[in-house]
Amino acid sequence: QQQVKQSPQSLIVQKGGISIINCAYENTAFDYFPWYQQFPGKGPALLIAIRPDVSEKKEGRFTISFNKSAKQFSLHIMDSQPGDSATYFCAASTTSGTYKYIFGTGTRLKVLA
Amino acid sequence: DAGITQSPRYKITETGRQVTLMCHQTWSHSYMFWYRQDLGHGLRLIYYSAAADITDKGEVPDGYVVSRSKTENFPLTLESATRSQTSVYFCASGGPHSYEQYFGPGTRLTVT
Numbered sequence: 001q002q003q004v005k006q007s008p009q010s011l012i013v014q015k016g017g018i019s020i021i022n023c024a025y026e027n028t029a030f031d032y033f034p035w036y037q038q039f040p041g042k043g044p045a046l047l048i049a050i051r052p053d054v055s056e057k058k059e060g061r062f063t064i065s066f067n068k069s070a071k072q073f074s075l076h077i078m079d080s081q082p083g084d085s086a087t088y089f090c091a092a093s094t095t096s097g098t099y100k101y102i103f104g105t106g107t108r109l110k111v112l113a
Numbered sequence: 001d002a003g004i005t006q007s008p009r010y011k012i013t014e015t016g017r018q019v020t021l022m023c024h025q026t027w028s029h030s031y032m033f034w035y036r037q038d039l040g041h042g043l044r045l046i047y048y049s050a051a052a053d054i055t056d057k058g059e060v061p062d063g064y065v066v067s068r069s070k071t072e073n074f075p076l077t078l079e080s081a082t083r084s085q086t087s088v089y090f091c092a093s094g095g096p097h098s099y100e101q102y103f104g105p106g107t108r109l110t111v112t
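Protein chains in written order, with this note's numbering: chain A, 1 to 113; chain B, 1 to 112.
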């Protein structure tokens, strides 16, 4: 029940295309859903996060869509660029308590020039 | 500069040796976390700390020990390293006023 399932494991997209990464969770107590971006040799960096009181959050080319009833959320990268090539992790947490994250297993995105 | 640092960045050690990975943050965040990153497993929580002298186990704590005598430092010790502990280790910090976690640059540990 603590798992966060992430798909796909890897993704190849043409420059200018839309990259979509999906995550699903079981624990209905989760109420904070961040996405992290990680470049090779670096630590993960927070990209965007959403709370379940909204169904969508957009920051520049990055959008989180959230479906509370289906217990799913996804990251959309519009107009994907080669510089977006990285590994993306979704995570889930509860805002009451320990601030612990449960991470998905990651998606390696490659954007072709 | 403010931030979160880890040392060493790279470490090679032998099976059975004790090794300590250091983590230091300058934000005065109350929470600190240790993760390991392995292919196919993503980031798994080893231990976390809510404040100085308060620590608790995460998902994969076996073989690891932590302490937190000062808010800014959170060392992770492998008491007797095993090959299965070869991994990249990340420290993170956050809270109490936001839910974001900020990650350090990582330590790549190889146990031979």
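Keep in mind that the hints were calculated from the coordinates and are not lab data. Careful, some of the hints might be misleading.
[Said to hold, decoys possible] Dumping the calculated SDA-like pairs for lysine to any residue here, alpha-carbon to alpha-carbon at most 25 Å:
#	chain 1	residue 1	chain 2	residue 2
1	B	LYS57	A	SER96
2	B	LYS11	B	ARG83
3	B	LYS11	B	THR26
4	A	LYS42	B	VAL60
5	B	LYS57	A	LYS110
6	A	LYS100	B	THR13
7	A	LYS100	A	GLN14
8	A	LYS100	A	GLN2
9	A	LYS110	B	PRO61
10	A	LYS42	B	GLY16
11	A	LYS5	A	THR98
12	B	LYS11	B	HIS41
13	A	LYS42	B	VAL19
14	B	LYS11	B	GLY40
15	B	LYS57	A	THR95
16	B	LYS57	B	TYR102
17	A	LYS100	B	ARG44
18	A	LYS5	B	TYR10
19	B	LYS70	B	GLY40
20	A	LYS100	B	THR15
21	A	LYS100	B	ILE12
[Stated by the list, open to error] Going by beta-carbon spacing under 8 Å, a handful of chain B positions derived as facing chain A:
#	residue
22	TYR31
23	GLY40
24	GLY63
25	VAL65
26	GLY94
27	GLY95
28	PHE103
29	GLY104
[To be verified] DEER-style ranges, computed between Cβ atoms:
#	chain 1	residue 1	chain 2	residue 2	range
30	B	TYR10	A	SER10	41 to 47 Å
31	A	SER10	B	GLY16	23 to 29 Å
32	A	MET78	B	GLY16	48 to 54 Å
Computed from a predicted model, the values in this text were never measured in an experiment. Quick reminder that beta carbons are idealized off the backbone N, C-alpha and C, glycines included.
Consistency of the hints with the structure:
For the suggested pair LYS57 of chain B and SER96 of chain A, the alpha carbons sit about 18 Å apart, so the restraint of at most 25 Å is met. About 13 Å separates the Cα atoms of LYS11 of chain B and ARG83 of chain B, which keeps this hinted pair within 25 Å; it holds. Distance hint between LYS11 of chain B and THR26 of chain B is fulfilled; the C-alpha atoms sit about 24 Å from each other, no more than 25 Å. For the hint pairing LYS42 of chain A with VAL60 of chain B, the CA-to-CA distance comes to about 22 Å; that is within 25 Å, so the pair holds.
Between the alpha carbons of LYS57 of chain B and LYS110 of chain A the distance comes to roughly 35 Å, so the proposed pair goes past 25 Å and is violated. Distance check on the hinted pair: LYS100 of chain A and THR13 of chain B sit about 30 Å apart at the alpha-carbon level, beyond 25 Å; violated. The hinted pair formed by LYS100 of chain A and GLN14 of chain A fails the criterion: a straight-line CA distance of about 35 Å is larger than 25 Å. Between LYS100 of chain A and GLN2 of chain A the alpha-carbon distance is near 11 Å, which keeps this suggested pair within the 25 Å criterion.
Simply put, LYS110 of chain A and PRO61 of chain B have alpha-carbon atoms about 33 Å apart, too far for the 25 Å limit, and the pair is violated. Between LYS42 of chain A and GLY16 of chain B, the direct Cα distance comes to roughly 28 Å. Violation of the 25 Å bound is thereby established for this hinted pair. At roughly 21 Å between alpha-carbon atoms, LYS5 of chain A and THR98 of chain A fall within 25 Å of each other, so this suggested pair holds. Pair hint LYS11 of chain B plus HIS41 of chain B holds up; C-alpha atoms about 21 Å apart against a cutoff of 25 Å.
A hinted pair counts as satisfied when its Cα atoms are at most 25 Å apart, and LYS42 of chain A with VAL19 of chain B qualifies at roughly 22 Å. Restraint check for LYS11 of chain B and GLY40 of chain B: the C-alpha separation of about 22 Å stays at or below 25 Å, so the hint holds. Restraint check for LYS57 of chain B and THR95 of chain A: the C-alpha separation of about 18 Å stays at or below 25 Å, so the hint holds. The suggested pairing of LYS57 of chain B with TYR102 of chain B holds, with an alpha-carbon distance near 19 Å, which does not exceed 25 Å.
Proposed proximity of LYS100 of chain A and ARG44 of chain B is supported: the alpha carbons are some 11 Å apart, at most 25 Å. For the given pair, LYS5 of chain A sits about 30 Å from TYR10 of chain B by alpha-carbon distance, which is inconsistent with the 25 Å threshold. This hinted pair does not check out: LYS70 of chain B and GLY40 of chain B have alpha carbons roughly 34 Å apart, beyond 25 Å. For a cut-off of 25 Å, the pair hint linking LYS100 of chain A to THR15 of chain B is broken: about 30 Å separates their Cα positions.
Between LYS100 of chain A and ILE12 of chain B the alpha-carbon distance is near 29 Å, which puts this suggested pair outside the 25 Å criterion. The interface hint given for TYR31 of chain B holds, since its Cβ lies 5 Å from the closest Cβ of chain A, which is under the 8 Å cut-off. The criterion of a C-beta within 8 Å of any C-beta in chain A is met by GLY40 of chain B, whose closest approach is roughly 6 Å, and the hint holds. Checking GLY63 of chain B against chain A by beta carbon gives a least distance of about 20 Å; that is not within 8 Å, so the hint is violated.
With 8 Å as the threshold, the beta carbon of VAL65 of chain B stays out of range of chain A, its nearest partner Cβ sitting at about 19 Å, so the hint is violated. Hint on GLY94 of chain B holds. Least Cβ distance to chain A is approximately 6 Å, under the 8 Å limit. Contact between GLY95 of chain B and chain A, as hinted, is supported at the beta carbon level, the nearest pair being about 5 Å apart and thus within 8 Å. Hint status for PHE103 of chain B: holds, given a least beta-carbon distance of 4 Å to chain A, under 8 Å.
The beta carbon of GLY104 of chain B is positioned within 8 Å of a beta carbon in chain A (closest approach about 5 Å), and the interface hint is therefore held. Here the CB-CB span from TYR10 of chain B to SER10 of chain A is close to 26 Å, at odds with the stated 41 to 47 Å. At about 36 Å, the CB distance of SER10 of chain A to GLY16 of chain B disagrees with the hint of 23 to 29 Å. In this structure the supplied range 48 to 54 Å holds for MET78 of chain A paired with GLY16 of chain B, their Cβ-Cβ distance being about 51 Å.
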